[in-house]
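J.: Using the sequences plus the hints, can you model the full thing?
The residues making up each chain are set out below.
2 protein chains.
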Amino acid sequence: MQKEQNLSKNQKIIFDLIDKSGGPMKAYSILFNVQKKGIKAPLQVYRALDKLVEIGKIHKIESRNAFIACQNSSCQVSKATAFSICESCENVSEISNLKLSKYLSNFSDNSGMKYNKYNLEFFGLCKKCKSK
Amino acid sequence: MQKEQNLSKNQKIIFDLIDKSGGPMKAYSILFNVQKKGIKAPLQVYRALDKLVEIGKIHKIESRNAFIACQNSSCQVSKATAFSICESCENVSEISNLKLSKYLSNFSDNSGMKYNKYNLEFFGLCKKCKSK
DNA sequence: TTATAAATGTTATATTATTACATAACGTTA
DNA sequence: TAACGTTATGTAATAATATAACATTTATAA
Ligand SMILES: [Zn+2]
Ligand SMILES: [Zn+2]
Ligand SMILES: [Zn+2]
Ligand SMILES: [Zn+2]
Chain A
1 MQKEQNLSKN QKIIFDLIDK SGGPMKAYSI LFNVQKKGIK APLQVYRALD
51 KLVEIGKIHK IESRNAFIAC QNSSCQVSKA TAFSICESCE NVSEISNLKL
101 SKYLSNFSDN SGMKYNKYNL EFFGLCKKCK SK
Chain B
1001 MQKEQNLSKN QKIIFDLIDK SGGPMKAYSI LFNVQKKGIK APLQVYRALD
1051 KLVEIGKIHK IESRNAFIAC QNSSCQVSKA TAFSICESCE NVSEISNLKL
1101 SKYLSNFSDN SGMKYNKYNL EFFGLCKKCK SK
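First to last, the protein sequences are chains A and B. In terms of our numbering, the first sequence opens at residue 1 and continues consecutively. In terms of our numbering, the second sequence opens at residue 1001 and continues consecutively.
Worth flagging that the hints you see were computed from the coordinates, not collected in a lab. Misleading hints may appear alongside valid ones.
[To be verified] Calculated pairs, EDC-like style, for lysine to aspartate or glutamate (alpha carbon to alpha carbon, straight line, at most 20 Å):
id, chain 1, residue 1, chain 2, residue 2
1, A, 51, B, 1094
2, A, 117, A, 62
3, B, 1079, A, 87
4, B, 1117, A, 62
5, B, 1079, B, 1050
6, B, 1117, A, 16
7, A, 117, B, 1094
8, B, 1026, A, 62
9, B, 1117, A, 19
10, A, 79, B, 1050
11, B, 1128, B, 1090
12, B, 1114, A, 16
13, B, 1099, B, 1087
14, A, 117, B, 1062
15, A, 79, B, 1062
16, A, 26, A, 90
17, A, 79, B, 1090
All values derive from a computational prediction rather than experimental measurement.
T.: Here's what the structure looks like:
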């Protein structure tokens, strides 16, 4: 949370909303929720989201076109992200597993490619949904 | 390629196009390319894509909203996918690394969640783009 | 055959994201 | 402070991606 004071007005409004929601939010749902605060256009939302992603305050859940607050304090830049997604209730949480992140950050193959970023999304059923 | 004969007409047209392209293709670019073959509406494309993804003939590159033919013959169902993406030239290739796929397929944590599917996207610079 | 599922065709619409252009606020340093 | 470059904002229009709803046809198989 150390960077919060650096956020601009719109960035702060939008980050606070996502953070408080506790889960992933979609851009137009964010827009709807911040209209009372004067943010009226999609572009204002997307610009703030872009910046927040860039500095690692939020991450994009690519398979859901949604944005979630970083739940991992060590994750200042979004270079190594992993999520678990329940395909039933759509609950999403960020995985912070040191072994996993080390394994993936050090991954290399014979393609000659230098990897400097990854995003991993696991899918399944959460505890609750499994027991239904 | 053993399932190709099972594909319907539209599915086959669209799979062949993606497969021949050798890289990821976007839905509306596919649509444009198959209009001469009588596929005129987005929904016709998306339905074929959905089916092809379901049976593992193609995969969706989530971060790019694009679809690529499976380059891994063992990958009949899209339950464990990994890609490398060049952020400069947008070249994409499917990673088939047994160690990686075993590691991820067996991954579990203390969340109580049962993972039955994952998608991993690595980003970086390919050989060509690195040397520029 | 008959019924069941799978695929297709068509129109309209919903959702997600960007372009283009103008203005304002902020931070740095001369 | 003044001037400059950078970052953020405001606004309108539009592009790109994806789905809903409904009618019809084709394939599969009991
Ligand atoms: Zn994070
Ligand atoms: Zn669940
Ligand atoms: Zn594959
Ligand atoms: Zn490249």
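J.: Okay, which hints does this one fail, numbers in order?
T.: Structure breaks hints 1, 6, 9, 10, 12 and 13.
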